[in-house]
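In order, the protein sequences belong to chains G and A. The numbering used here puts the first sequence at residues 1 to 354. The numbering used here puts the second sequence at residues 1 to 354.
Treat the hints with care, as some may be off.
Same chains, same names: a pair is fine if it fits in one copy or spans any two.
Taking lysine-lysine pairs in the DSS-like style, the calculated list, with each CA pair at most 27 Å apart, reads [unchecked claim]:
1. Lys-345 / Lys-93
2. Lys-139 / Lys-255
3. Lys-255 / Lys-43
4. Lys-45 / Lys-345
5. Lys-345 / Lys-139
6. Lys-271 / Lys-95
7. Lys-311 / Lys-255
8. Lys-271 / Lys-93
9. Lys-311 / Lys-93
Worth flagging that the hints you see were computed from the coordinates, not collected in a lab.
Number of protein chains: 2
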Amino acid sequence: MAENRPIRFGILGCADIARKVSRAITLAPNATIAAIGSRSADKAKRFAVENRYDDSVTIYSSYEAVLDDETVDAVYVPLPTSLHVRWAVMAAKKKKHILLEKPVALNVVELDQILAACEANGVQFMDATMWMHHPRTNKMRETLLDPRFGEIKSIHTIFTFSADPDFLENDIRVKPDLDALGGLGDTGWYCTRAILWAVDYELPKSVTALRGAVFNNSGVILACGASFLWEDGKVATFHCGFLANLSMDVTVIGKNGTLHLNDFVIPFTEKYASFSLAMESGFTELVTGWLPIPSQHVVTTELPQEALMVKEFSRLASSEVDKKWATISRKTQLVIDAVKASIDKGFEPIEVVA
Amino acid sequence: MAENRPIRFGILGCADIARKVSRAITLAPNATIAAIGSRSADKAKRFAVENRYDDSVTIYSSYEAVLDDETVDAVYVPLPTSLHVRWAVMAAKKKKHILLEKPVALNVVELDQILAACEANGVQFMDATMWMHHPRTNKMRETLLDPRFGEIKSIHTIFTFSADPDFLENDIRVKPDLDALGGLGDTGWYCTRAILWAVDYELPKSVTALRGAVFNNSGVILACGASFLWEDGKVATFHCGFLANLSMDVTVIGKNGTLHLNDFVIPFTEKYASFSLAMESGFTELVTGWLPIPSQHVVTTELPQEALMVKEFSRLASSEVDKKWATISRKTQLVIDAVKASIDKGFEPIEVVA
């Protein structure tokens with residue numbers, strides 16, 4: 001398809017997050033916005049104005065029309081999760097590459113339909129997990145692979161934010177018919193992905209949700225946690241939800257190293273991000289302090305992580321299909337499904353089967 | 001007993017940790033070392049020399065002799081946990097105030113014998129949990145009580161260190177006859193205490209150990225974790241053990257505040273310690289960064305935390321008996337017992353009954 005020219009994006013819907021991704025498409029050197037579709041033409045028009053779209057961007061009053069636009073190479077899909085199968089499968093059939101918001105599906109059965117459609121139609125798939133594309137993430141991977149860090153023993157992640165009453169009443173993420181996975185599908189997706197990332201996507205053998213999950217009146221998860229166990233004895237925990245102050249922690253502890261960051265999903269600032277690293281930590285004489293003290297590592301970035309995501313997606317869309325992101329998405333969804341199953345079964349352990 | 005003069009300490013045994021506490025007694029303005037006892041007089045003599053004890057310190061070849069010394073007001077007991085009941089009860093009967101190393105007992109039944117002996121004999125009890133006495137701890141308490149922080153929603157603590165092969169073979173903390181609670185009694189004590197501290201010692205209603213606990217060949221816990229659940233929905237997790245790089249994390253998340261520190265047991269440096277605080281955290285426009293960014297808070301201290309612990313203990317030993325520390329120790333032990341019971345029962349939830 002598109003060689004040596006920017007990937008032309010169509011955007012399905014006017015979700016809040018589409019504002020950030022629109023800017024990212026504009027910032028990415030190999031991508032451009034070609035079209036936006038909404039069920040309301042007015043809404044799409046307003047969105048285009050507010051986000052300073054070029055006049056060249058076509059505004060459609062349906063998602064179908066975006067998919068039917070032959071100048072559109074790829075779609076960004078920030079629709080409610082319950083609509084993902086329908087629109088992602090249709091997009092694939094229309095030969096559009098797919099950048100899909102998380103959670104990618106309500107369960108792995110649905111995701112498999114999407115991935116099958118992508119494969120059958122030779123289109124690229126990627127989930128829109130932005131932090132994966134920050135150069136800090138690569139730098140941290142190098143750290144984890146450093147033999148001095150040693151075998152990874154445990155991972156602990158947290159993603160919470162304190163949703164306001166309007167969110168808790170009206171956001172799609174609390175509606176059983178729109179985003180039935182609630183806080184698990186939203187904040188828990190990031191926690192789960194970070195844990196899998198840390199172990200280079202080795203699936204845990206079992207997952208046990210932690211007692212104390214919180215639900216709204218419709219039974220949608222507002223907050224929850226889980227512990228994971230791997231064949232080799234590694235463990236992980238996460239805590240997530242909509243009910244507590246913004247926190248985005250990843251802690252990875254190896255035999256001889258500890259990595260910390262407190263802003264893994266969205267870095268504190270756009271231009272640089274840091275992590276703390278402790279290696280072969282010990283104590284001073286008489287155990288009155290640490291030796292060495294953990295060090296801070298700063299990683300700068302010219303483009304924000306979401307633009308790097310769009311850039312990488314567009315690069316892949318311009319070459320042979322790469323199934324790496326499909327595989328990573330599927331593993332994340334498998335584990336999310338297992339956490340959900342554990343909650344549904346009264347916090348019993350659930351075997352994770354690939 | 002001792003009014004307006006230093007509390008005279010007798011030390012039972014020559015444990016490594018007694019070196020640090022000896023220095024702390026010397027640094028505390030209201031304490032002094034009067035005696036040390038070991039089953040080996042040579043060992044005690046060598047310990048006295050190595051730790052530059054004054055000639056005035058009496059060296060005994062038994063623990064009993066220390067307890068029989070009428071110039072000794074208080075004892076510091078760093079003996080293996082399995083010996084705590086015997087020696088702490090005997091010390092109380094000899095009217096010695098007791099600064100007892102953690103874990104204070106193998107279970108709450110044992111601890112109750114110790115506390116009953118202290119009460120019957122009118123002596124002060126305190127467990128040697130040093131970080132409780134750092135001024136940072138008070139400062140963090142103020143933060144948690146700040147109405148802006150909001151209701152506490154979850155607490156997450158980690159204490160691990162990477163023990164060397166000699167420790168894993170020979171340390172008292174891996175021996176079923178000496179410290180049967182292993183890593184739970186040692187590192188898990190601190191994690192549990194930090195969680196209870198954060199909620200001002202409100203006991204959780206239930207405790208569930210996390211799958212993946214690691215044991216040595218004698219069945220002693222080397223690493224484990226647990227989740228706690230309170231009546232009001234608060235949750236907590238901890239991870240602890242001897243098998244991963246030194247990490248000492250406390251994360252407390254309230255409705256509108258997040259507190260982080262990564263050196264809660266032993267501050268990185270002796271003269272000052274810090275914590276990170278995020279309050280009413282939100283995002284910049286387009287969610288490309290945090291607003292506000294968390295802030296670092298530094299607390300200096302003239303005396304190291306262990307000297308402040310000795311100072312506070314000595315102050316209490318010079319006044320009316322204060323049962324605050326006995327109560328806090330007992331709650332910590334109750335929760336440790338529940339975690340142990342959960343592990344023993346295949347990771348079932350255990351109700352915590354005061």
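Evaluation of the provided hints:
1. Lys-345 / Lys-93: Result: close neither inside a copy nor across copies, 37 Å intra and 53 Å inter.
2. Lys-139 / Lys-255: Within one copy only: 19 Å inside, 32 Å across.
3. Lys-255 / Lys-43: neither (53 Å within a copy, 34 Å between copies)
4. Lys-45 / Lys-345: Result: close neither inside a copy nor across copies, 46 Å intra and 61 Å inter.
5. Lys-345 / Lys-139: neither (39 Å within a copy, 42 Å between copies)
6. Lys-271 / Lys-95: neither (35 Å within a copy, 64 Å between copies)
7. Lys-311 / Lys-255: neither (36 Å within a copy, 36 Å between copies)
8. Lys-271 / Lys-93: neither (38 Å within a copy, 65 Å between copies)
9. Lys-311 / Lys-93: within (23 Å within a copy, 75 Å between copies)
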